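> Work the whole structure out from these sequences, hints included.
Remember, the working numbering sits 17 above the position in the sequence shown when you count from 1.
Keep in mind that the hints were calculated from the coordinates and are not lab data.
Hints are supplied without guarantee of correctness; some may be wrong.
Restraint-style ranges between C-beta atoms, simulated for each label pair [unchecked claim]:
| id | residue 1 | residue 2 | range |
| --- | --- | --- | --- |
| 1 | R165 | Y114 | 20 to 28 Å |
| 2 | R38 | G93 | 33 to 41 Å |
| 3 | D43 | S121 | 40 to 48 Å |
| 4 | S173 | N62 | 45 to 53 Å |
| 5 | R31 | T154 | 31 to 39 Å |
| 6 | E139 | L55 | 38 to 46 Å |
| 7 | R123 | A41 | 12 to 20 Å |
| 8 | G44 | S173 | 52 to 60 Å |
| 9 | D98 | R131 | 35 to 43 Å |
| 10 | R60 | S173 | 19 to 27 Å |
| 11 | G141 | E72 | 37 to 45 Å |
| 12 | D98 | G141 | 44 to 52 Å |
| 13 | D109 | G141 | 26 to 34 Å |
Using 20 Å as the maximum straight-line C-alpha spacing, the simulated SDA-like pairs for lysine to any residue come out as follows [stated by the list, open to error]:
| id | residue 1 | residue 2 |
| --- | --- | --- |
| 14 | K36 | T50 |
| 15 | K36 | R103 |
| 16 | K100 | R35 |
| 17 | K23 | S116 |
| 18 | K42 | T89 |
These figures come from a predicted structure and were not determined experimentally.
Yeah, the Cβ is synthetic: ideal placement off N, Cα and C, and Gly gets one too.
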Amino acid sequence: KDFEEKRLMDYVFRDLRRKERKAAKDGGMPSVTVRELLAAFPRFNENWVRARLKEKCMCVPVRGMDVEGVFTLREGARLPDEKVMRGTMTPDLVCAYESMRAASWRLAAIGMRRPNLLRGAEIGRIRMSVENMPQETEILKAAALIERELQITPWSLS
18 KDFEEKRLMD YVFRDLRRKE RKAAKDGGMP SVTVRELLAA FPRFNENWVR
68 ARLKEKCMCV PVRGMDVEGV FTLREGARLP DEKVMRGTMT PDLVCAYESM
118 RAASWRLAAI GMRRPNLLRG AEIGRIRMSV ENMPQETEIL KAAALIEREL
168 QITPWSLS
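Written out as structure tokens, the structure is:
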């Protein structure tokens, strides 16, 4: 969740900065909508996004214009500079997160409902468990597939 919050914050700050430059020309106020954020981050729900906008992104809802879900930067708040934003969301961090998500997805695709339970297990112990299983071909094939997939997960390789 911490990473996802940072990713949302980075997205909001960059979007507001881009809109701030445009608003300076047009005389408007930069804003971001919950609808835009839900389109960019479909895994999140509306309440979660609204809470993070208020708590983490220094934003407040725009009132009085009958536009629900529009947020702007809180009065007196400043957007972090580019150097700070690059430090919180590094390319290495994004790659590590995405590779873990991909591995979790692969494990779910082969039917592992709760791969987190095996994250701390040593591969040697998993291999020993596979060897002690009933010697039925289908069971051994499934177990070997699971073992191979677990061996290539980022949390096993690092």
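> Run every hint past the structure and note whether it holds.
Hint check:
| no. | hint | in the structure |
| --- | --- | --- |
| 1 | R165 to Y114: 20 to 28 Å | holds, 23 Å |
| 2 | R38 to G93: 33 to 41 Å | violated, 20 Å |
| 3 | D43 to S121: 40 to 48 Å | holds, 43 Å |
| 4 | S173 to N62: 45 to 53 Å | violated, 32 Å |
| 5 | R31 to T154: 31 to 39 Å | violated, 53 Å |
| 6 | E139 to L55: 38 to 46 Å | holds, 40 Å |
| 7 | R123 to A41: 12 to 20 Å | violated, 46 Å |
| 8 | G44 to S173: 52 to 60 Å | holds, 55 Å |
| 9 | D98 to R131: 35 to 43 Å | holds, 42 Å |
| 10 | R60 to S173: 19 to 27 Å | holds, 24 Å |
| 11 | G141 to E72: 37 to 45 Å | holds, 44 Å |
| 12 | D98 to G141: 44 to 52 Å | holds, 48 Å |
| 13 | D109 to G141: 26 to 34 Å | holds, 29 Å |
| 14 | K36 to T50 | holds, 12 Å |
| 15 | K36 to R103 | holds, 19 Å |
| 16 | K100 to R35 | holds, 16 Å |
| 17 | K23 to S116 | holds, 17 Å |
| 18 | K42 to T89 | holds, 17 Å |
The structure fails hints 2, 4, 5 and 7 (numbered hints given earlier, in ascending order).
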